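Chains A and B supply the protein sequences, listed in that same order. Mapping of the first sequence onto our numbering: position 328 corresponds to residue 328, and the numbering continues sequentially without gaps. Mapping of the second sequence onto our numbering: position 354 corresponds to residue 354, and the numbering continues sequentially without gaps.
Worth flagging that the hints you see were computed from the coordinates, not collected in a lab. From a predicted model like this one, the values you see are computed outputs, not experimental measurements. Quick reminder that beta carbons are idealized off the backbone N, C-alpha and C, glycines included. Please note: incorrect hints may appear among the correct ones.
[Said to hold, decoys possible] Here are the computed lysine-lysine pairs in the DSS-like style, where the Cα-Cα straight-line distance is at most 30 Å:
1. Lys80(A) <-> Lys69(B)
2. Lys163(B) <-> Lys41(A)
3. Lys321(A) <-> Lys289(A)
4. Lys41(B) <-> Lys352(B)
5. Lys321(A) <-> Lys69(B)
6. Lys321(A) <-> Lys352(A)
7. Lys365(B) <-> Lys321(A)
8. Lys74(A) <-> Lys282(B)
[Stated by the list, open to error] Here are a few chain B residues that face chain A, going by a calculated C-beta distance under 7 Å:
9. Gln37
10. Thr39
11. Pro67
12. Lys74
13. Gly83
14. Glu296
15. His310
16. Ser312
17. Ala314
18. Ala322
19. Leu326
20. Phe362
Protein chains: 2
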Amino acid sequence: MFNFSIQATEENARAGTIKINEELLVPTPLFMPVGTQATVKAVTPGMLEELNIKAILSNTYHLYLRPGKEVIQKIGGLHKFCGFNGMILTDSGGFQLFSLNNIFTKSELGIGFSSPFDGSKHFLTPEDIIEIQSQIGSDVALCLDICPSYDKAKNEIQEAVEKTVNWAERSIEARKRYTLNALFGIIQGGVYEDLREMCTEKMIKMPFEGYAIGGLMTGEPREEMLNIVQLCSSCLPSCKPRYAMGIGTPEDILECVEMGIDMFDCVLPTRNARNGVLFTQKGNIHIKKKKYTLDENPVEEGCSCYTCQHFSRAYLRHLFKADELLYYTLSTIHNLHFYTSLMNNIREAILKHQFHLFKEDFLRKRSERID
Amino acid sequence: MFNFSIQATEENARAGTIKINEELLVPTPLFMPVGTQATVKAVTPGMLEELNIKAILSNTYHLYLRPGKEVIQKIGGLHKFCGFNGMILTDSGGFQLFSLNNIFTKSELGIGFSSPFDGSKHFLTPEDIIEIQSQIGSDVALCLDICPSYDKAKNEIQEAVEKTVNWAERSIEARKRYTLNALFGIIQGGVYEDLREMCTEKMIKMPFEGYAIGGLMTGEPREEMLNIVQLCSSCLPSCKPRYAMGIGTPEDILECVEMGIDMFDCVLPTRNARNGVLFTQKGNIHIKKKKYTLDENPVEEGCSCYTCQHFSRAYLRHLFKADELLYYTLSTIHNLHFYTSLMNNIREAILKHQFHLFKEDFLRKRSERID
Chain A
1 MFNFSIQATE ENARAGTIKI NEELLVPTPL FMPVGTQATV KAVTPGMLEE LNIKAILSNT
61 YHLYLRPGKE VIQKIGGLHK FCGFNGMILT DSGGFQLFSL NNIFTKSELG IGFSSPFDGS
121 KHFLTPEDII EIQSQIGSDV ALCLDICPSY DKAKNEIQEA VEKTVNWAER SIEARKRYTL
181 NALFGIIQGG VYEDLREMCT EKMIKMPFEG YAIGGLMTGE PREEMLNIVQ LCSSCLPSCK
241 PRYAMGIGTP EDILECVEMG IDMFDCVLPT RNARNGVLFT QKGNIHIKKK KYTLDENPVE
301 EGCSCYTCQH FSRAYLRHLF KADELLYYTL STIHNLHFYT SLMNNIREAI LKHQFHLFKE
361 DFLRKRSERI D
Chain B
1 MFNFSIQATE ENARAGTIKI NEELLVPTPL FMPVGTQATV KAVTPGMLEE LNIKAILSNT
61 YHLYLRPGKE VIQKIGGLHK FCGFNGMILT DSGGFQLFSL NNIFTKSELG IGFSSPFDGS
121 KHFLTPEDII EIQSQIGSDV ALCLDICPSY DKAKNEIQEA VEKTVNWAER SIEARKRYTL
181 NALFGIIQGG VYEDLREMCT EKMIKMPFEG YAIGGLMTGE PREEMLNIVQ LCSSCLPSCK
241 PRYAMGIGTP EDILECVEMG IDMFDCVLPT RNARNGVLFT QKGNIHIKKK KYTLDENPVE
301 EGCSCYTCQH FSRAYLRHLF KADELLYYTL STIHNLHFYT SLMNNIREAI LKHQFHLFKE
361 DFLRKRSERI D
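This is chain A alone, in the form it adopts within the complex:
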């Protein structure tokens, strides 16, 4: 039901393929746009298909609260519900639970929290999270984890690691009772090398289909983040996919691919688009700038996306200034195309054993900064 194979490597970088149910092929390294509420903001599934996007990320915690698993089950599962036929990975919601500050009880058993929508009280166990992901039809499920932010004390992060490991064991047990294509364990431990090593060692003893590195992008310096990715990646079995959660910028993705990471997700292309920041090979463009008022060029010369094929920077700036809904769609299309192209180019480069060259060239161009 879930298979990961590697077609080529260049030092630690890997070009692989995830195969789900013998029909869905997802090339790696892979970037998954974020579709928290069962939609990638501002684009249709038809557009995602046109953009050749093979996988998106959704969120168990959010979908559990709204619309509720009953709704998604009734409509025939997540894919049918949201009209996306590619791979849907669902984060467990550990990160969201701990960043939304609406927890009223934490116990060994699970997490009690109140809904930010209607204040209703809920209690979810690691077993519940497995059950929900099975019921809504997730392709790749994640274990419930404890995700403390960067600024927490080491002993708190150590506790989080211990509970996350315990919950991972319970998730593996629970999984036996439900249909799941794939389940990934999440490695925690903040920026502490010893905690990360301990967590990784324990996780790889459990029969997961893949491993996620969680708890990063919570405020730590970039160098520490990259150090932890490097460490975890080197401890993980090479035959299974490695997923760096919440990463990142094109520059971070390149570094992490070099360290052997296969999967990424990040709000950056979609959120930046909505905030007026458009990605190009020569750095990012802030479309609201006055200099684009009369600019008849597309966002990026030579870009083959729908937006660049049909519209000028002047038009996008006009839509942005006028707060027109079409702006969000057109900018999101471009930024997702930028990320998809980047991942395709990375994979092609690894297959040709030219990843290192590609990376250097890409980083050099990006630093030109035309904006």
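Model the placement of chain B on the given structure of chain A, informed by the hints.
Same frame as chain A, but now just chain B:
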């Protein structure tokens, strides 16, 4: 450059074709979605094309203020700017100027007003409005008119008629100096039959390519509105297109087609969509209603639009409740498809001399009200 021909009539109802520049064919009766700021809210021009939408309405006043005619000219005209290849009719902005309440001077010469965006002062004459529409490349231009609301005294409405006629004459003169495919005069006169008759008589002496009935949908009762449309339509030359501005509901459109109206525009399909109201053959649906929570049916059974082909009412309700941008796109697609189908069906019915039957059948079904 602009040609209107009639293929069939059934009593006063007409099935015709507008031809622009020997290449663009626009069938009538025609409904034009509103794209005030050079975009039909929430949909791409590609979607408009897929919906077989041949014409949209934009607004001279709005485009003059933002992004400014220089921007549109620089990018190569309105069509290239917004990526829509069909017919673009531009309203002059008379209606907007008089409803926005930011006029600081009215004179015989023109209108002085302050920009709602930055407070800057502007003065526009009927001649300026012709010049702007020529410069931005409008396919069908409208004369600057004075558009008082329904509640104004008769003498004020009479003054508005006189000035509108005078400005129409000046627009005809000004037009000789600019390239314009087509220019329509606007008939004012509120709900007063004598004023409407007088205005129509004077307008039809001027060589316009078509005639718009303006000043309606400003608060008057439906019966008075229909009475005025009937009156004006019967006074207008049958060889030229008749455009009922701002109308309307599917029900109003059917009545007006029966009276011989060829062209319509209205915010209803797009604005209603955004507010959660979806059109169906059996009345409108309010998608936020609890009854749609688990509803796996499309908005309308048998509808061939992208939204109905791919998504359930339950999903649309979820997107609406979650305030997701995709909701606006999917709901707008459905409502525009409903209007486009309605107009196609009306035209087919007239061609088959079955308009009266079609109308009765349509109105009966719509009154079933499934919601």
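Now the hints, each set against the structure:
1. Lys80(A) <-> Lys69(B): Violated, at roughly 45 Å.
2. Lys163(B) <-> Lys41(A): violated (48 Å)
3. Lys321(A) <-> Lys289(A): holds (10 Å)
4. Lys41(B) <-> Lys352(B): violated (34 Å)
5. Lys321(A) <-> Lys69(B): With Cα atoms ~16 Å apart, Lys321(A) and Lys69(B) stay inside 30 Å; holds.
6. Lys321(A) <-> Lys352(A): violated (44 Å)
7. Lys365(B) <-> Lys321(A): violated (43 Å)
8. Lys74(A) <-> Lys282(B): Given pair Lys74(A), Lys282(B) holds - Cα atoms ~25 Å apart, limit 30 Å.
9. Gln37: holds (5 Å)
10. Thr39: At about 4 Å, which falls below the 7 Å cut-off, the nearest Cβ of chain A leaves the hint on Thr39(B) intact, so it holds.
11. Pro67: At 4 Å from the nearest chain A Cβ, Pro67(B) passes the 7 Å test, so the hint holds.
12. Lys74: With a closest approach of 5 Å, the Lys74(B) hint holds.
13. Gly83: holds (4 Å)
14. Glu296: holds (5 Å)
15. His310: holds (4 Å)
16. Ser312: holds (5 Å)
17. Ala314: Interface hint status for Ala314(B): holds (5 Å vs cutoff 7 Å).
18. Ala322: With a closest approach of 5 Å, the Ala322(B) hint holds.
19. Leu326: This interface hint holds because 5 Å falls under the 7 Å limit.
20. Phe362: violated (29 Å)
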